[in-house]
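Listed here are the chains, written in short residue letters.
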Amino acid sequence: MTTSNSLVYLIALPLLGATILLLAGRRADKWGHILGTLMSGSSFAVGLYQLSQMLGRSNTARPVEQKLFEWISVGSFKVDAGLLLDQLSICFVLLITGVGTLIHIYSISYMSHDHDRRRFFAYLNLFIAAMLLLVLGNSYLNLYVGWEGVGLASYLLIGFWNQKPAYATASKKAFVMNRVGDMGLSFAIMIAFATVGTVSFAGIKEHAHHTSTAALTAMGIMLLVAATGKSAQFPLQAWLGDAMAGPTPVSALIHAATMVTAGVYLITRSNFIFDAAPTAQLLVVIVGAITLLFGALIGTAKDDIKKALAASTMSQIGYMILGAGLGPVGYAFAIMHLLTHGFFKAGMFLGAGSVMHGMNDEVNMRKYGALRKFMPITFVTFGLGYLAILGVPPFAGFYSKDMIIETAFNAGGIKGILLGSVTLLGAGITAFYMTRVMILTFTGKARWDEEAHPHESPLLMWLPMAILAIGSVSSGYLLSRGDALVNWLSPLFEHHGEHEELLAPIVVSALALGMVAIGVAIAFLKYSRQEVASVAPENVSVFTKIAREDLMQDRFNEAVFMRPGQQLTQVLVKTDEAVIDGAVRGVGKLAMGSSSLLRGVQSGFVRSYAALIFVGAALLIAAIWVVVQ
Amino acid sequence: MEFSAPVLNYTLLSPMLILLGGALIGVLVEAFMSKALRPITQLSVTLGTLVLALVQVWKVRNEQSVSAAMGSVVIDGPAVLLQASIIIISIISVLLIADTEHFTALAASLPGSDEERHALQTGNQVTEVYPLTLFAVAGMLLFPVSSDLITLFVALEMLSLPLYLMAGLSRRRRLASQESALKYFLLGAFSSAFFLFGAAFLYGYSASITFSGIRDAVVGGGGNDVFLLIGIAFLSVGLLFKVGAVPFHAWSPDVYQGAPTPVTAFMAAATKVAAFGAMLRIYYTSFANAQWSWTPMLTIIAIITMVFGSLVAIAQRDVKRMLAYSSIAHAGFLLTGVIALNKAGLEASLFYLFAYGITTVGAFAIVTLVRDSAGEVTDLNRWKGLGKRSPWVATAFAGFLLSFAGIPLTSGFIGKFSIFSAAYESGARSVVIAGVLSSAIAAFFYIRVIVLMFFTDPVEDGTSVEIPSSLTSITVIFSLIVTIALGVFPAPILNFISNLATFIR
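Chains A and B are the protein sequences, given in the same order. Every letter in the first sequence is one number past the one before it in this note's numbering, and letter 224, counting from 1, is 224. Every letter in the second sequence is one number past the one before it in this note's numbering, and letter 140, counting from 1, is 140.
Hints may be right or wrong, so weigh each one.
Unchecked claim - Heads up, simulated DSSO-like pairs for lysine-lysine below, C-alpha to C-alpha not over 30 Å straight-line:
1) A:LYS545 with A:LYS367
2) A:LYS574 with B:LYS384
3) B:LYS343 with A:LYS78
4) A:LYS172 with B:LYS384
5) A:LYS164 with B:LYS388
6) A:LYS67 with B:LYS343
7) A:LYS172 with B:LYS388
8) B:LYS388 with A:LYS574
9) A:LYS78 with A:LYS205
10) A:LYS164 with A:LYS367
Hints in this document: simulated from the structure, not taken from any laboratory. A quick note: this is a predicted structure, and the numbers were derived from the prediction, not measured.
So that you can see chain A by itself, here it is in the shape it has in the complex (with noise of 0.2 Å):
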């Protein structure tokens, strides 16, 4: 394989960047942001190099290799740290260091009034390393080392303001949800070096033929569950709504654009332990249409925008997590969505905090209202993620989504027409949240205190925005043209036949946009033609009531895990108590009682310490004695 020296730049040009920034401390207040941006784009320009190093090649010859070192080598435990950047990671590469290059720009102006606004950018660069690092690894151990790292820096980001008790906590959520998928992602790694004897990706894949399909299967739910943790994916998913305590831009970054993808990335990456494990590939699919459903009903009924794209982000990743659940067929499309949503759902994000900026941090949709006028750019860029997210033609959203729709129905027999209808439904009430989200914020009646004073922001936010609405019109089109992003990534994954087609595409179209069209009607109809109340109603049906409450993701943890756990705990407690300070008590005093009984030994005499080499001496030689007879 092709070898290069220049992949550790991508991730040490940051991880610099986010060294120096926390070392100098306030020392660097002045020029922090500038050095954390320039660190990110000069990345960026790092991947492109590399990028068109890559077009260069013949198709089987893309991917490069940078051996870094030999990181552990302890008996036959040997892992090197490695570096692999292929097909697939290049466009994680790009989407990362291109979108966070933009939301550092971006940021500069956001956070200028915020008196750590260097630690903010120290920590953007830390997450950028960490997320390179995590696509960049060779083996399933580098994988962690970044897939940790990004959970360290989403902790410091959510919690960047963190003397508000209530983002602390959601920081804290965030963190321990998150341990709980890790440590599917360790269990998945210690069966793969037990039963593989490596946990190195090429290595794996050399051996998945002849390892039991019980292994794979179990090594494919770890990596489900891990899945399931970073990228919010049912049933790990109630972090993700309290981590928009987070700066805005964190929250178009990380929790949009690219850590929350980092799900998709794994099992698109462990495509040869699915492709052979079909319970854990179907339990993928599973995960990813519940979630696709759970997190559009969450939409529809939040009145925070963060919240509201939030449940759209689970919503989406719930595609592209069904996607990848398809098998060969469905992993560049579940990649394709993954790009083009880190477009339009990072340009809504920023547009969100452009709205927040300009009107005092209100994150209320029900306070916004007629904000078109004073906003044209942002309500035009953000106009432009919307009508991507609906998969409109001949915007971003309309092929990659459809794709999927496409795969799913035919995935063949009732679990096409299910997984179809599935991804049918969620079109449409995507549809609808969205075009609530639009109306209530930028048109109508103008709903707003009396000290708000809505205005367009500053040209460092808005070209960001307008960057990104470019990429939400165009990346569809561009990724999808000649089938570019399949037959790019086609060598990466393991080809069966052709499916049957249960539908023709245009069909397909036709039925998606028709979802569409119903689910902005509804939105319009009761949201445009109506008087939209500023404080939310409160005799709504029981439906609302329970999307409002995150469909009870939280009571359900609370009644299922964390009362159980702290009764747990308490038992536990008390176990500890009387059994182990019982015994650990018991061994201090047995150890008090022979340290009072070796006091006689330990007395501060010569005499006796002498006494105590010579008896030491004797026994020896009466040991010796026994050898000898």
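On the provided structure of chain A, position chain B as indicated by the hints.
Positioned in the frame of chain A, the structure of chain B alone reads:
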């Protein structure tokens, strides 16, 4: 009668010669330099000498010779690794010694006398501790490279005598310090007698004082096995005394507590490397073929040592005594490397010695920082809430303790893991089981200190943490970085050791 001039390979001996030369310069400085310039000159001379010696060790790292000094000194891979470890540990210990706050102004004066007070008031601080350190380091370098019994004994005394003196130099609680020095001296002399007695028996067995001669006799057989066994046993008493194995450990808690803390750090870390180095060499070369005779003895001593050290440490209320018992337990863990008697065991021991030495100096460096108006505070109850008062210092100490406990991502874990797996491979199951169990017991008291520092509310009793001087900071930071780096990226150093770790015979 003809005399032939001794043939010496000065290049290979140069690290030791440099140190002795530096020590002599130190003596002259002490005698003639004005009191204002003395401390800084001594420090520079000592550090310069140590660095020069380290450079010299690095230069000869690929050379091998059994006849560096007419067959009395052998230089090979393990020798280089041990010497380099000793010098590095000494350098960071000297940075602690540089804080004269710990040392009596005039060691020759009676405690509490006018003379002492006068010396203190006029700032006439004597600094003989530096040349003493260099003499001790020179002895420590010679100890693991000796290849006959006479040289081994000379090296043993050469490293011990300065240490006896250094233990008595404390500024606070001088009587306790002097008492511990005298105890150390008397017991050291007593164990040296055993050592010599053992050497005599070995000569009686093999008619040779060189390690290779003894080895040939063991391989050839035919000698009187009783002589061999008694020889090994008594020689071991001397060596086991130096490493502080039970039941020859009794001096160490008293001396660790009484000696000035920088000296304790130096003694605990560097002496252990030197003594285990010598022990590994003689057991791996001379006694290797008589394994049947000494394995049961060392196994029992190792098990008793680690269990005893771990158990008794629990009951300690003084941080220095706790570290002393912890060091006894670690001597037990290190003995498993001697028992393993294979290449993996040697590699693991060399890694363990270096890692443990560095961590030990770091831990004692932290002890020097926690003080009240009357000097260091070693009562563990007064360390309560240290994490709230000085989070950095407490975090560093917690790092060292976690390494002692063998928690993953610290050097202590890699050391324990490799030394136990080497012993397990060689079939020494019982000692590995005892090792793992006593590690678990030991983890209890290390973690108890962490709980004490971080999860207990501070008591307002005047205990404060000194702002570390830049020299002490260097020691702490260096030790912490090494402790963590060896835990996270052990591969390069393990490979380096693996390439060098073969005793030549």
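Results for each hint:
no., hint, verdict
1, A:LYS545 with A:LYS367, "20 Å, holds"
2, A:LYS574 with B:LYS384, "25 Å, holds"
3, B:LYS343 with A:LYS78, "19 Å, holds"
4, A:LYS172 with B:LYS384, "27 Å, holds"
5, A:LYS164 with B:LYS388, "22 Å, holds"
6, A:LYS67 with B:LYS343, "28 Å, holds"
7, A:LYS172 with B:LYS388, "21 Å, holds"
8, B:LYS388 with A:LYS574, "28 Å, holds"
9, A:LYS78 with A:LYS205, "18 Å, holds"
10, A:LYS164 with A:LYS367, "23 Å, holds"
Figure legend: structure checked against the earlier numbered hints; every hint is met.
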